[in-house]
Structures are given as structure tokens and as C-alpha cells.
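Participant: As a plain string of letters, each chain reads:
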Amino acid sequence: MQLHTLTISEAHDLLKRKKITSVELTRAVVDRIEAVEPKVLAFLTRTFEDALEQANAADKAIAAGKITPLTGIPLGIKDLICTDGIRTTCGSHILEDFIPPFDAFVMRKLKAQNAVIAGKLNMDEFAMGSTNEHSAFQVTHNPWGLEHSPGGSSGGSAAAVAADMCLGALGSDTGGSVRQPASHCGVVGLKPTYGRVSRFGLVAFASSLDQIGPLSKTVTDSAILLQAIAGHDEADSTSVPNGVPNYSACLGRDLKGLRIGLPKEYFDIEGLDPQVASAVKKAIDTLSGLGAQTVEVTLPHTEYGVAAYYIIAPSEASSNLARYDGVKYGLRDKQKTELLEMYRGSRSQGFGPEVQRRILIGTYCLSAGYYDAYYGKASQIRTLIARDFEQAFQKCDVIAAPAAPTPATALGESLDDPLAMYLSDVFTLPANLAGIPGISVPCGFSDKGLPIGLQLLGGHFAEETLFKTAYQFEQATEFHKKRPPL
Amino acid sequence: MEFEPVIGLEVHAQLNTSTKIFCACSTRFGAEPNTHVCPVCLGMPGSLPVLNKKVVEYTLRMALATNCDIPPQSRFARKNYFYPDLPKGYQISQYELPIAINGHLDIDMQDGSSKRIGITRIHMEEDAGKLIHDGSLPVSHVDLNRTGVPLMEIVSEPDLRSAAEAGVYLRNLRAIIRWIGIGDGNMEEGSFRCDANISIRPKGSDTFGTRTETKNLNSFKNVEKAIRYEIARQTEILLDTGQVVQETRLWNPGKGVTESMRSKEQAHDYRYFPDPDLLPLVIEKKWISAVQKDLPELPSQRRERFVTEMAIPDYDAGVLTSSRELADYYESCLKTFNQPKHVSNWIMGSLLGLLNAEGKSIEDCPIAPKDLAQLLKLLDEGAISGKIAKTVFEEMSSTGKPPKQIVEEKGLVQVSDTSIIEKEIDAVIAANPNEVERYKDGQKKLIGFFVGQVMRATKGKANPKMVNELLMKKLGT
Ligand SMILES: [Zn+2]
Numbered sequence: 378m379q380l381h382t383l384t385i386s387e388a389h390d391l392l393k394r395k396k397i398t399s400v401e402l403t404r405a406v407v408d409r410i411e412a413v414e415p416k417v418l419a420f421l422t423r424t425f426e427d428a429l430e431q432a433n434a435a436d437k438a439i440a441a442g443k444i445t446p447l448t449g450i451p452l453g454i455k456d457l458i459c460t461d462g463i464r465t466t467c468g469s470h471i472l473e474d475f476i477p478p479f480d481a482f483v484m485r486k487l488k489a490q491n492a493v494i495a496g497k498l499n500m501d502e503f504a505m506g507s508t509n510e511h512s513a514f515q516v517t518h519n520p521w522g523l524e525h526s527p528g529g530s531s532g533g534s535a536a537a538v539a540a541d542m543c544l545g546a547l548g549s550d551t552g553g554s555v556r557q558p559a560s561h562c563g564v565v566g567l568k569p570t571y572g573r574v575s576r577f578g579l580v581a582f583a584s585s586l587d588q589i590g591p592l593s594k595t596v597t598d599s600a601i602l603l604q605a606i607a608g609h610d611e612a613d614s615t616s617v618p619n620g621v622p623n624y625s626a627c628l629g630r631d632l633k634g635l636r637i638g639l640p641k642e643y644f645d646i647e648g649l650d651p652q653v654a655s656a657v658k659k660a661i662d663t664l665s666g667l668g669a670q671t672v673e674v675t676l677p678h679t680e681y682g683v684a685a686y687y688i689i690a691p692s693e694a695s696s697n698l699a700r701y702d703g704v705k706y707g708l709r710d711k712q713k714t715e716l717l718e719m720y721r722g723s724r725s726q727g728f729g730p731e732v733q734r735r736i737l738i739g740t741y742c743l744s745a746g747y748y749d750a751y752y753g754k755a756s757q758i759r760t761l762i763a764r765d766f767e768q769a770f771q772k773c774d775v776i777a778a779p780a781a782p783t784p785a786t787a788l789g790e791s792l793d794d795p796l797a798m799y800l801s802d803v804f805t806l807p808a809n810l811a812g813i814p815g816i817s818v819p820c821g822f823s824d825k826g827l828p829i830g831l832q833l834l835g836g837h838f839a840e841e842t843l844f845k846t847a848y849q850f851e852q853a854t855e856f857h858k859k860r861p862p863l
Numbered sequence: 002m003e004f005e006p007v008i009g010l011e012v013h014a015q016l017n018t019s020t021k022i023f024c025a026c027s028t029r030f031g032a033e034p035n036t037h038v039c040p041v042c043l044g045m046p047g048s049l050p051v052l053n054k055k056v057v058e059y060t061l062r063m064a065l066a067t068n069c070d071i072p073p074q075s076r077f078a079r080k081n082y083f084y085p086d087l088p089k090g091y092q093i094s095q096y097e098l099p100i101a102i103n104g105h106l107d108i109d110m111q112d113g114s115s116k117r118i119g120i121t122r123i124h125m126e127e128d129a130g131k132l133i134h135d136g137s138l139p140v141s142h143v144d145l146n147r148t149g150v151p152l153m154e155i156v157s158e159p160d161l162r163s164a165a166e167a168g169v170y171l172r173n174l175r176a177i178i179r180w181i182g183i184g185d186g187n188m189e190e191g192s193f194r195c196d197a198n199i200s201i202r203p204k205g206s207d208t209f210g211t212r213t214e215t216k217n218l219n220s221f222k223n224v225e226k227a228i229r230y231e232i233a234r235q236t237e238i239l240l241d242t243g244q245v246v247q248e249t250r251l252w253n254p255g256k257g258v259t260e261s262m263r264s265k266e267q268a269h270d271y272r273y274f275p276d277p278d279l280l281p282l283v284i285e286k287k288w289i290s291a292v293q294k295d296l297p298e299l300p301s302q303r304r305e306r307f308v309t310e311m312a313i314p315d316y317d318a319g320v321l322t323s324s325r326e327l328a329d330y331y332e333s334c335l336k337t338f339n340q341p342k343h344v345s346n347w348i349m350g351s352l353l354g355l356l357n358a359e360g361k362s363i364e365d366c367p368i369a370p371k372d373l374a375q376l377l378k379l380l381d382e383g384a385i386s387g388k389i390a391k392t393v394f395e396e397m398s399s400t401g402k403p404p405k406q407i408v409e410e411k412g413l414v415q416v417s418d419t420s421i422i423e424k425e426i427d428a429v430i431a432a433n434p435n436e437v438e439r440y441k442d443g444q445k446k447l448i449g450f451f452v453g454q455v456m457r458a459t460k461g462k463a464n465p466k467m468v469n470e471l472l473m474k475k476l477g478t
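Going down the list, the sequences are from chains A and B. So the first sequence is numbered by my numbering: it starts at 378 and just counts up by one. So the second sequence is numbered by my numbering: it starts at 2 and just counts up by one.
Check before you lean on any hint, since a few could be wrong.
Stated by the list, open to error - With beta-carbon atoms standing in for the labels, derived distance ranges:
| id | chain 1 | residue 1 | chain 2 | residue 2 | range |
| --- | --- | --- | --- | --- | --- |
| 1 | B | ARG263 | A | LEU737 | 20 to 30 Å |
| 2 | A | ALA654 | B | ARG263 | 36 to 46 Å |
| 3 | B | ALA291 | A | LEU737 | 43 to 53 Å |
Hints in this document: simulated from the structure, not taken from any laboratory. From the three backbone atoms N, C-alpha and C, an ideal C-beta is built for every residue, glycine too.
All chains, please: the whole structure from these sequences, using the hints.
Facilitator: In C-alpha cells, the structure reads:
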């Protein structure tokens, strides 16, 4: 048995029945990382020593009868999530040597379950990018086609899960950064409702849009991971006090009577790859075959979504990233002795071109005389988009859509054209603007053998409906069982 | 042409909560640099602010004390600028939607009338850290202990018309802050700071002139001096038919002048926008009424009560309500000795004189209110004379002993025994035949001389009223 290929729930079952130990499982994962990581390049920091210690502790806990769904399970963490004592770079030179003195809320939750952390995963710098090519350190390759991008910004997390280098991972989704790479790497990716998971310790890109979400091999595992990290946190004022339901309990429910909304604007979008369109249409047929009914819905402000997002997110980012000034931590241009020169030098050297571009856009949009025309208008559009969804969800329970307009792009393809990259977020970013949850599940492959994802969106706190729908779809199909040819 | 100054003040007052506005770090002053810090106030990646409710409560107190409207919802906003003492690269403040608006404060004018000064807005924000410059090396150190200490900004309408008015307004504001227990209002230590917006216009005009903003006003004296200087400077420019430049100026207390700091063109664009890390702040009516209920009687209310209930002059009431502690002291005295005007005279005269001379505030007063009241009671009962009362008062202030004990220990009880006083009077008459002669010839003013002699002979202990009466009787009128 190849332990690294196990899902979280399978491994948990074996650990619980004492068929395997966490140390054995962790060693298998370490071996797997050593074998395939040179081709995939998903990890920025490996924490094998810590992982084996954690595995040991997990085995002791299990021996003492203390087992929870993530006890002893090797996971990977996007390098945007603060890990106490472990370098957290955000994929940026400016934080290349930054070691947080505290754990993110989600890390405390995982540690409380005796989970095993294999390492920190690659990403586009400060989560700004859709291909992982904007990492300051390395380009992660798609396990399904090494000359292709894994997507982004949580590309390292998606690739690591797809390549069996960890059993599950955490990413973050600001405009699709979990769902899009999950779709490109053939894994399950969930963006929870805004406020469902604490952002404390998640390095901010765009605070009103950021949300931590799990990447996993199955829907069952996604539910397990969300269960572990969800919940109210007083340290995050935007985290909601709503109780956390039992997500695994809803998986087995059937889809009879479920209304699936099909937004006509989504399927008319220019640039939607016909193979993606057809895979998603087939997936909707499958869902209909499972007892769901489809209804047409309309999201009339869809066409303004990208523009609104690319004003709001950079505006917040320009402010959030002001703290990287070379004064307190992170990279400092030591050649410069004058304050303003030191700021300029540190930030010019520390930030890559995409981050600099977004800081400039955001700074411009917030400037006196431009604020109302840009940030103000974008905020109004955001309200309208949220209202579109509210109205749509009066007619349906979930919305089905592609996660991305195309399968993974070839590496190097989108670098020259940021606008094309921004437009590829068209299906994912409305959920962030509206604060609603979304999940991507594998629903097919392109003729080149690259995965395609079906995206399901739900109303606020409708994660259970998303899990139920995605689970029934997964059980009725074989896509999730296929492994990449590494 | 005659000009009229138009002045508005922006006051930053530190709120004396025990913890910072967005984290649990201590706000205590004077600790080792960078010891009262945490990931939140250090602006570490991934850290998030959580609003300290006490700060809201304190600001609500101020809002109610200055008659402000409190909108149901306010928002925190980010004020973006780079400076080494600002770890996040932005200050969390309030911008479009402050917690309180449309208030006012009534101040006393020199002619005894009262003037209403509008308060445009009050908002909450976090303080920045402190740079410490090394004199010997080209380096600066950053101390972030102060980062995140809560501040309240109070912006007045341009209703002030002179430096003196500005001074009165500022002192009143500070008195209220101290009165309601939300800050110490210490200008020299920087817990109470003021910027002045100043312009001038031809008297009678209803449009505003070009204004300047003057910063670095670190004492009440400097506020008034700087405003006077700036009025004179602008007047001179206008009389020269020049143009006042809209700019930020810095008061130089050494030279006694304001100096240009930055022009309008160089002004920062702070790129304010709502802070997405903090939810809109909803203030429910319930909360406002709870704060209102806990609010102490305000200076103006108490002053009015002193005038109506105690029947003391408004001037006295004004002095006695200049601080809550003084007003408490006064009322405490009245519990033992209920003669309001008498007590007020002594507090305003002897007690405040003593405290001023020693540079002390009423909180450090060595004389307990019940002791002062006791002293006045002894005086009133005729047990001691006014002169002795002064002596006892001085003794009380240096030893803190109760008046009765001092009177007993020093044998200062007033002599009201007719036979003893008559004996001394007889002796004085015998020793001063010339004066007796002149008195009888009509020089009635000499009565004072005789009283003085008798008092001296009795070491001031004789009851002066009795001395007067007996002398008149003996000398004949
Ligand atoms: Zn702190």
C-alpha cells in the first residue's frame, strides 16, 4: 500500500484501527516529496523534522485513545499563513527571512488536533496571481502536465495535494485562489463564507475578500478540514459567531429537489473554452440525473465584477502592504542611509512586478480626486453583485459554473498579459465580492489530460449544501480517482 | 481696515484606558522602549485589530458632555502614510463617519457673558510610536510603546475669535476631560495636543480668509502666543495687500514665531478608506443611555446648582467647579459646616492661594475638607479669632493636623472672659494716657490703636468683638 496516496478519511480510518502509524504515514509523505518535488516545486519550506516529531506525538495521542479526524495526518500550508517559529515568506523576497512569533488561528486549530505539518507551500507573491509564476522563489509545475501552471495563487497547495505530497492543504482565496488551482490540479478546493474561518494569522492581501480554505483529494476531506478550522475567533472582528454545523453529517443526503441555478451570463462569456463548457454541462446533467433540477438564473452585474474586484483588491492591498517598509522586519536596502531612499530601495527590491503593479493601481484608486470614481464606484458594484446573488438564491439552492474559463495555461503564457490573467478570474471573484462560499470539484479532463473543475456556489453559510452536492457528484463520477502521471 | 480672526481648534486627547485601542497591551507611560508591544501594535503580518470597548465608552462620555449627536453607526478608516513610528503604514482613525458630530461647548467670556463654541466632530484613533534620535550617531531609534494608545480628536467649528477665547475653550475642554475621568489632559506630557486653524477677514465679512494650520502647540501659553503671532503675521500680510498662503506652520517656542512647514501642494494625500478589518461600529441607544446614566454631573450643571442651591455668586460657582475634585471638596466641607459663601470665600482665598503658592492641585491638598470646615466652625462659634484662624490654617497645611488639636496644643482658644479682657484694657488705658486724652478730644480713629494694643497683650487670643465693645464702654463714646 502506498500510504501517501491515501485520503485523509482513509488514513484516519487506518490510524484509528492502528493498521498504520502517523510516523509511517509521515515517512511515506516525506519520501514522496523527495521523489516528486524536484519536478513539481510546490514547497518553499520543508519541515520534516518537526513533522516527524508531530507524528510521534500523534501516535502517542492515538495510543492514549485520543484521536480526532486530523490526528497524525500530514498536511501542507500555504506560505501566507503564519506558523510560529517557521519562516512565512508569502512568496516574497521582502519576507524571505520572516519568522512569525505566533501561529495563525487555523494553525492553532490544526495543532490542537495533533495534525502533522509537512511544510509551507508556494504561491504567487502575496497571493497576487493566478499561475504561481509570480512567486519570488520558484515556479510550481502542474502535476498533470509539468509544462503547465498549477493555477494560483494557492498553486503550491493544489499541486502538493494532487501530487500526493500531503493528504490535504490549506490555501487562501481572495478572488478564486483556492478554487481555480484546485480546478487546474484536479482536486477539491473550498472557499468558505467570509467570516467562517478566522483570518488571524493570514497575511492580508485584500482583507474584505480573503478567506482561508482547504484543498483536498475528496469532498469528504474538504468537510473534515473545514470542520477543523471553522469557528469564531475574537481576534478577528470579521469572524462570525455563528455555530459550526457538522459538515460530514450532510454528505450522504440526496439531491432530490435540489435547485441548481445556471446563470446565463456565465455561459455566454467570451473566452470560455469549449472543452470546459462541455465538461461543466455534462456535470450539470449528472447532477440532474441525481435528482436535482436546473433553473436559469441571472446575475446581471457579472460583467462589472472583474473591474470592481481589480479596484477593491489592489486598494486594500496597497494599504495592507505598506507595513513592509524595511523598518521593523523583512528586507531592508542597507545601502541607503536616507529614510525615503531606504523605503524606495527596500520596496523596489522586495516586491516583484505584479505586486508593485497592484500597489500602484490601489494607491491610484484611493487617491484624492479618484476615490469616488474608482473605489467608491467599485464598492457600489460590489453591493449590486451581492444583491444579484441574493436574488438568484431565492430561485435556486446552488449555482453551477466553471471554476475557470480554461484548463491550466502553459507556463509563460499569461505573464506578458496581466489583463488576460485578471479576466480568467471572472467565475471565481464574484463569490469573494459577495462573501458567499464556493467549491470546485473535478469534473473532467481536457484533450491534453488537464483537469477541469465544476464550481458550485451557495448562499451565505450554505457550505453544507455545497458539500452535499459536491459529494453526490463525486460519488457518481470517477474523476477524483485519477492520479497525475508523475 | 479692521480685521477679525477666525480660529478653529483640533484637539487630540489621550484616553486613559488601561489597555490600547486595538490590542491588550498596557498604555502605561515611561516603560522601557518596546516592552508594551505585541504582534498587533507592532503591525506584524497576519495580525488584526480588535476594538477596545472602553475607548468607545470614554469617547461617548465626551460626546455626551459636549452635547454631540451620536449617529447609530460609525466606521474606522485607514489614514495611509509612511513613517517609521507607524508600523502598519497606516493609522486607524475615523474619517467619513465619526462617532460623534454637531456638539457644542459654552465658554465664559471676559465680560461675563457666555459664548457657544460648536464642535464639528469627535472621533477615535490610535496614537503612533516615538522616534528617539541619537545625537552622536546618524541613527534614530523607534519606541512603539505608545503605538495604539487611544486618542480622541475633538474638532471645533471656526467659532473662536481671539487667542484668549481659544485659551478659555481649551481649558474648558480639558476640565471636562478630567471631570468625566477619561484623560489627564496634560499638554506638557503630550496627552493633550492642539493644532490651530487660523485665518483673518475684514470685520463684518461673512466669508473666510485663507487659513493656516499651526502645529506643535505644547502648552496653553504657547497656544495663545502662537495664535496671537499668527493673527499679527496674517494681518500684516493683508495690510501689505499680500496673500496669506494656505499651509501648515510650526510654532517655534524658542523664537516665538510660526514657521512654514509644508504648503498645500506638499500636503499628504492620506488615501482614507474604510478599514476592512473592523466592522462598522454600531452604537445602540441602550449603550448611550447606560453611559449617560454613569456620567457624573457636569461642570456647567453643577455650577448652576451651586448658584441656585447654595446661593453663592456665579463667579464663585465657576471657580469652585473648575475641577471635579475642587467641587467635591467644596461640597464635602458643607457637610460639616453649611455656610456656603463663608466656605467658598475661604477656599477661593486661603486654600487656593496656598495650593497655587505650592504648585499643588486640590488632589494633593494637605487639609482634609472636614478639617477646613471644622476650622470655619470654630471661627463662627467665636472659639477662635480670624487672626488665629489664619495661624491655625497655616499650621494645618504644614502638619495636616485637625484644627481643634492645633488650637489645644498651642493654647490658641479665644479669650472671651470679660474679666480677663477688662484687665488688659485697663492696663492699656493706664499705659497710654496721651492717646486716651486725644480719643476723648474726638480722635475716634484711635480705637483701632487700642484694640491693637489689647490684642497684642493677649497674643491675639482676645475675642476682638468683645474687645471693641468693652473699650468703647470704658473710653466712653
Ligand atoms: Zn499590542
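Participant: Check each numbered hint from earlier against the structure, then list the numbers of those it violates in ascending order.
Facilitator: 2
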